[in-house]
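2 protein chains.
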Amino acid sequence: MQAEVITIGDELLLGQTIDTNSAWMGEHLALSGITVKRIVSIADDAAEIVSALDDALTRSDLVLVTGGLGPTRDDITKAVLAEYFKTPLIMNEDVLRNITEWFNGKGLTMLEVNRQQARMPAACEVLDNPQGTAQGMWFNVPDSNRVVVSMPGVPYEMKGIMREQVIPRLQDRRVLPILCHRTILTQGIGESYLSELVKDWEEGLADKGVSIAYLPATGQVRVRLSAVGEKARECVDQEVGVFQTMAGNWVISDNDETLAFALGRELQTQGLTCATAESCTGGAIAGSLTSQAGSSAYFLGSVVAYSNEVKSQVLGVNQEDLKKMGPVSDTVVRQMAEGVRRLTGADYAIATTGIAGPDGGTESVPVGTVWVSIASSNQTWSKCLQLGQHRGRNISRAVSEAQAWLFRILRQDKSLR
Amino acid sequence: MQAEVITIGDELLLGQTIDTNSAWMGEHLALSGITVKRIVSIADDAAEIVSALDDALTRSDLVLVTGGLGPTRDDITKAVLAEYFKTPLIMNEDVLRNITEWFNGKGLTMLEVNRQQARMPAACEVLDNPQGTAQGMWFNVPDSNRVVVSMPGVPYEMKGIMREQVIPRLQDRRVLPILCHRTILTQGIGESYLSELVKDWEEGLADKGVSIAYLPATGQVRVRLSAVGEKARECVDQEVGVFQTMAGNWVISDNDETLAFALGRELQTQGLTCATAESCTGGAIAGSLTSQAGSSAYFLGSVVAYSNEVKSQVLGVNQEDLKKMGPVSDTVVRQMAEGVRRLTGADYAIATTGIAGPDGGTESVPVGTVWVSIASSNQTWSKCLQLGQHRGRNISRAVSEAQAWLFRILRQDKSLR
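Residue numbers (this note's numbering), protein chains in the order written: chain S, 13 to 429; chain A, 13 to 429.
Just chain S, with the same shape it has in the complex (with noise of 0.2 angstroms):
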């Protein structure tokens, strides 16, 4: 089965809003067998939603729209899809019995634009949205098997409204192909180096029936497998071992995690704890670790040592040393990660100080400079990351180098216990 995803509004193609509905829509689909074939994205604009409708439904069997369907003037979704199927728009007294329990649930006042929204196309099946007052409309293409589904934008409310009641619905309809990604996430090492140490083996993957994709971010490479068919997970599975065999401690992950996702697991099964002492990354490690749920099973804190008063005072670094050595150097980002470990009575610790730019730079410790340490009860390490001029870019390649350096060091002192 081909999909199609159209999200609608100005702020998309204005790029005040980034588009991470039709990336869900992507991911949730492929897990159950359906193929996005493209993505449009098109304007508040009548002509332009009638326009990417037609074309959709050349294509695909199935066309999910995002968007469109607010309270405000702007949004004109429903009423063009309701002329686009030739269907009058009624009051539906169950939809405006859920919004006005909605409102009375958050002792809020209804308003006169609110009641509108419970306005529905006569044609469609409504598709409830507990979490908002927009619903979600699913119209079966007349004389065909075809299906357009309309849904609010807000990320939340469409992620809803799929899982309950579009991907049911889909799963009702057909039996869907059975198909198999695996995801294996490497940090450290580029794109290029990574395809030519497994070249050989890349090179016989097609007459195996398996695909591979390379998808670089900051720091870290994800190497996707993919496979259809009855034997799909067998051959997926098998490659993705050859691969981890083969790519050895560059790999973090085989199962499609995140780095941090990974980091916390492998803390959890270990039964340790971590904590950070952050200069250049100004909370952001503590904010990745702490963006999982059950974080704190793990995680016991962290001190956003900005100033140097806050690294001598709270961290106990040497004031001394900071004078001497400079906030940016070996010595401070030991005492940075071994002040809070003691501090916090962390099993490990993450420090790190440098400079992220655009700005503060010297001849000596330029933009870009960052030294990472890592603490544990018998050991302190320590590395100088050379990074770029990009102080978002330097703030996570930071992270990621400190987190996959903590991951190494977890999976190493396993291994020697």
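Hint data in this document are derived by calculation from the structure and do not stem from the laboratory. You may find that some hints are simply not true.
The list treats identical chains as interchangeable, and a pair is accepted whether it falls inside one copy or across any two copies.
As the list claims (entries may be wrong) - With a straight-line Cα cutoff of 35 angstroms, these simulated DSBU-like cross-link-like pairs (lysine-lysine) come out:
no., residue 1, residue 2
1, K211, K171
2, K395, K171
3, K335, K118
4, K118, K336
5, K211, K118
6, K98, K211
7, K98, K220
8, K171, K49
9, K395, K118
10, K49, K243
11, K98, K49
12, K118, K426
13, K395, K211
14, K118, K171
15, K211, K426
Here the structure is a predicted model, which is why all the values come from computation and not from measurement.
Let chain S serve as the given structure and place chain A on it in line with the hints.
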């Protein structure tokens, strides 16, 4: 001038990478007076690339393509474009020299796949990419004024080529229309309430040639006003002024700034410093503040106090209170704010403690309960938010609420001085 963006990559359709490139391009083209009409994402597939190019060239004068230029075998864009424009790939010695220097500069070994990246379509103008090994390409479509530009999918490489090569070339080519957008950031009021508040004014906007769009995000609504023509700036400026008078204290900024940026600017302008003590937000407030360049001027540091031990031993929260009131309480959040203010010497401190979820709630303190406190030299404020069930959204909401609250307190304290 109308443009269309085509982003290429299986990973976009499979949802393994979120397309941030097209939003960035949309924003930067709009600033140059070029309207992005459509954004299309397709697979690394020759037939799809050709079909998307054909479609786009019927609608738009400028087609910007990103992705599929890497050194690995899933990247086919360059070969497809050469065939599309019926031009051979030939080794470009200048490009080869640049790539060789790029590898030498990083002390890395150059591979044969990287050497192949210097083979360029004979008919294109090469757009130099100093940040990577895949070059951009500019194709003038024969017998027309239309242009196809191809760039790598790595965001910072694309941005460099757009800024240094594509936009200057477009500016040289023709007189672009005069247009103006301004975006006002509001916080704490929902989209429909805001629209109701300014209803009469909003109805008269179209007659004045000004269009409006509401862009809701977690806890925030951005309102964009746009106009075209000689008097665009004047028109928009005047209506922004009217809106601000009506929306009053809900307005954080009238200049398309993020909340973190506006807060940082306010602190810096007033010569004040801040610090944070974060439990449930886990460093996300600190991370957001320090993502701004120059934040060391006003941000001193943070204690991420995930465990009770860190709350009492580092921040000095009373252990009896922690036990009696629980860590998610008015008493504790106030002591956290005051504690980190004392510890860092900051003028203002923000503290958060709550249950981000999805687990960890109790009957008396359900998931989504978040206490926020702000401490200054002469007052400590606190309030309790009742958020939802979704961890990521609860963290974002708490970050937004806390930052906006400090922003409003700063503005108020200033007016009292």
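A quick look at each hint next to the structure:
no.: 1; hint: K211 to K171; verdict: between (39 angstroms within a copy, 31 angstroms between copies)
no.: 2; hint: K395 to K171; verdict: between (42 angstroms within a copy, 30 angstroms between copies)
no.: 3; hint: K335 to K118; verdict: between (55 angstroms within a copy, 31 angstroms between copies)
no.: 4; hint: K118 to K336; verdict: between (58 angstroms within a copy, 30 angstroms between copies)
no.: 5; hint: K211 to K118; verdict: between (58 angstroms within a copy, 23 angstroms between copies)
no.: 6; hint: K98 to K211; verdict: between (56 angstroms within a copy, 30 angstroms between copies)
no.: 7; hint: K98 to K220; verdict: between (49 angstroms within a copy, 33 angstroms between copies)
no.: 8; hint: K171 to K49; verdict: both (20 angstroms within a copy, 26 angstroms between copies)
no.: 9; hint: K395 to K118; verdict: between (52 angstroms within a copy, 18 angstroms between copies)
no.: 10; hint: K49 to K243; verdict: within (24 angstroms within a copy, 43 angstroms between copies)
no.: 11; hint: K98 to K49; verdict: both (27 angstroms within a copy, 26 angstroms between copies)
no.: 12; hint: K118 to K426; verdict: between (50 angstroms within a copy, 34 angstroms between copies)
no.: 13; hint: K395 to K211; verdict: within (31 angstroms within a copy, 59 angstroms between copies)
no.: 14; hint: K118 to K171; verdict: within (21 angstroms within a copy, 43 angstroms between copies)
no.: 15; hint: K211 to K426; verdict: within (31 angstroms within a copy, 64 angstroms between copies)
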